[in-house]
Amino acid sequence: MGAHPTHGDFVTRSVRAFDKALNRPSKLALRAFEDQLVETDSISLPTPQEAKQIDRADLVIGILTDLDVQAMTALRDALRTLPGSLRIAVVESDDRNHPAAPDSDAPPNSPAVFFVPSPLARPSSAGAGPLSMAEAYHSIFLAGEKLQARGCCIVASKLESATPQRACRLIRPLLEGDVDLVLPHYARHKFEGLLNSSIIAPLTRSLYGKRLSNPMGPDFGVSRRLLQKIVGTGGGRAGGNGLHPLASLAPAALCDNLPITEVHFGGRLYRLPDWTNTSSLLSEVLGPVFLDIERNAAFWQRTRASVAVPAIGEPVGVGEDTARIDTARLLDSFVLGNRELQEIWGLVLPPATLFELRKLARLPREEFRVPDELWVRIVYDFALAHRLRTINRDHLLKSMTPLYLGWVASYAHDLAMDHFIGPDQRLERLALAFEAGKPYFVSRWRWPDRFNP
Amino acid sequence: MWEQVKQALAQSTARFLTKSASLLPGLAALILAVLVSLVVGWILAVVVRRVLASLRFDERMTRWGFASLTDGSVLKSPTLLVARSIFALVILAGFLIGIAAFDFEWTSLLVRSILAYIPNIVGAVLVLLVGTLIARFVARSVLIGAVNLNLQYARLLSEGIKWLVIVLAVAMALEHLRIAPGIVELAFGILFGGIVFGLALAVGLGSKDLVTKSLGRDVKRAPSEEIEDPLRHL
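Chains as they are written, first to last, in our numbering: chain A, 656 to 1108; chain B, 30 to 263.
In case anyone wonders, no lab produced these hints; they're calculated from the structure.
No experiment lies behind these values; they were computed from the predicted model shown.
Certain hints may be false.
Estimated spans, in silico, between C-beta atoms of each pair [unchecked claim]:
no.: 1; chain 1: A; residue 1: R979; chain 2: B; residue 2: G233; range: 35 to 45 Å
no.: 2; chain 1: A; residue 1: D721; chain 2: B; residue 2: P259; range: 18 to 28 Å
no.: 3; chain 1: A; residue 1: S1098; chain 2: B; residue 2: A209; range: 40 to 50 Å
no.: 4; chain 1: B; residue 1: L162; chain 2: A; residue 2: R994; range: 20 to 30 Å
Heads up, incomplete: computed chain A residues facing chain B, CB under 7 Å, no partners named [said to hold, decoys possible]:
no.: 5; residue: E800
no.: 6; residue: L850
no.: 7; residue: S934
no.: 8; residue: E969
no.: 9; residue: V973
no.: 10; residue: A978
no.: 11; residue: I980
no.: 12; residue: S988
no.: 13; residue: L991
no.: 14; residue: G992
no.: 15; residue: H1050
no.: 16; residue: K1053
no.: 17; residue: S1054
Cβ atoms here follow ideal geometry from the backbone N, Cα and C, with glycine treated the same way.
Please construct the entire structure, taking both the sequences and the accompanying hints into account.
Structure (structure tokens):
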């Protein structure tokens, strides 16, 4: 057996092959990447023949979160337990986290795991917003398509019980069953993922007829068929006119009646919210969601009741949750918005809704409650206004911020005052309200001028 | 002598009548031109009013923030304003054509100078329209951004920005029309600087308590205290 090439040679060949597979000019990526090379002799590298085969892979795993060397080693070991002689490309931005154990320790006939560093798969900063995350997803999807992978898996969040095996749990249904999309079902504390719980999940449920707890991942497994649909339509691009890699994944699968399954995970570790950026978050997340609603109007107008999707694993509890939030700040935002944004809200919301909002703003803080029916009508009216371009779309979505914060305050009050109802029951009630309000949305969608209560 | 007076009178009367008679074709042409322009203007105004009504012009103008342009006029509808403006323009054109028929040098000069001024008017109107649109957009952006930052003086900031842009647009339009450019320049500088200075005083000094309260709402705790906020949106 000849001498193994150095780490630098392997990485150089990998990047060249990867860039060639992506039809990208290699000089720029190579120069940027060579600046990051770390000389180490502790990694046993594949032969040049194996490195050339990196143009194809059975599975592509995109790592969009920070995993240390131990976690990456555990991930590689977990991937080696998958059945079959698979070629698995793990796309990760920082090669310093790649496992140090030699490949010769791998069991025979186990999957071959290649760690492919790529500066493409890196959100622009540690606190990356949805837009830069969408670009990172796009790069992974493109890699999966170019490498002709059977499936693609994205690991983008850290779990409380750090389980590198979650990539396997997302992949197994793709390999073993006829499933095209595997979504996570996280164990949530009561004040986590509220934008998803208050708008995205119930909206997806009522419009598309499937009860998905996290339609926008961020971790998920995607089959080749769905990947081609997302990438092939010129999509996977953040923003622009194509399908959004995060927001469009579940609707694209639902509209084509592709099988979807959920996998139970533990709780996620969330980044601290940037309070000055809540409006931008709403705009960047809800914009693609509302665009998808417009794109898929012919489908969701025909769906009726919602059904649950199959789930793998047992639900994980989060234990006692005694968290409380300061609703004063949220209510201040709602009251200020109600006072100053009436002119803008008046272009979107019917007079009856505006009247109810004015009544709410005059309530004492401890009595502040946003009825589910009112919140549902507000979300539907904003979705309609987004389609009609009543005002500039960015202005529209950002002006929704005080209303959303008002709902969060109301939700907190509900949980604090009613000790018999948990967050899951409370959110289930909201989801049912979304389904009950769908006829209102369909009527307004079809006759935006005539039907205006 | 009486014969000479009678002759002079007859000659001057004949000259006057000849001159007046030479004006008659021009006068007839002017009256005809005005009458024709009245009819054409009325037809055009009706057509324009119907077309704009079918396009829901009033509603769109309100949405784009131009409804306030008709606030000071008798006509409350932008559609009526446009229709009546077109009617007036057609009559003015007819009048100018009729005036040009008199074939006097001063009438030709008048018509030529009016026609040469029309591009300036068009340019000024365009500048005003674009300026108003931009002012409206910027004001709305500032208002939404300031409300989302919990700034209590959001409305003041938004109106200030809007009037800054409008004053700029009006000054540019007046310069385009070449109306007292020196005075307009000076007045603009004073007004613009005054608005900016006033805003700065209002925000920095006059509203400092409001600013402190607004900023203080987001910075309630000392940096040394670590209180975990459990709220996560995504």
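So which of those numbered hints doesn't the model satisfy? 3, 5, 8 and 9
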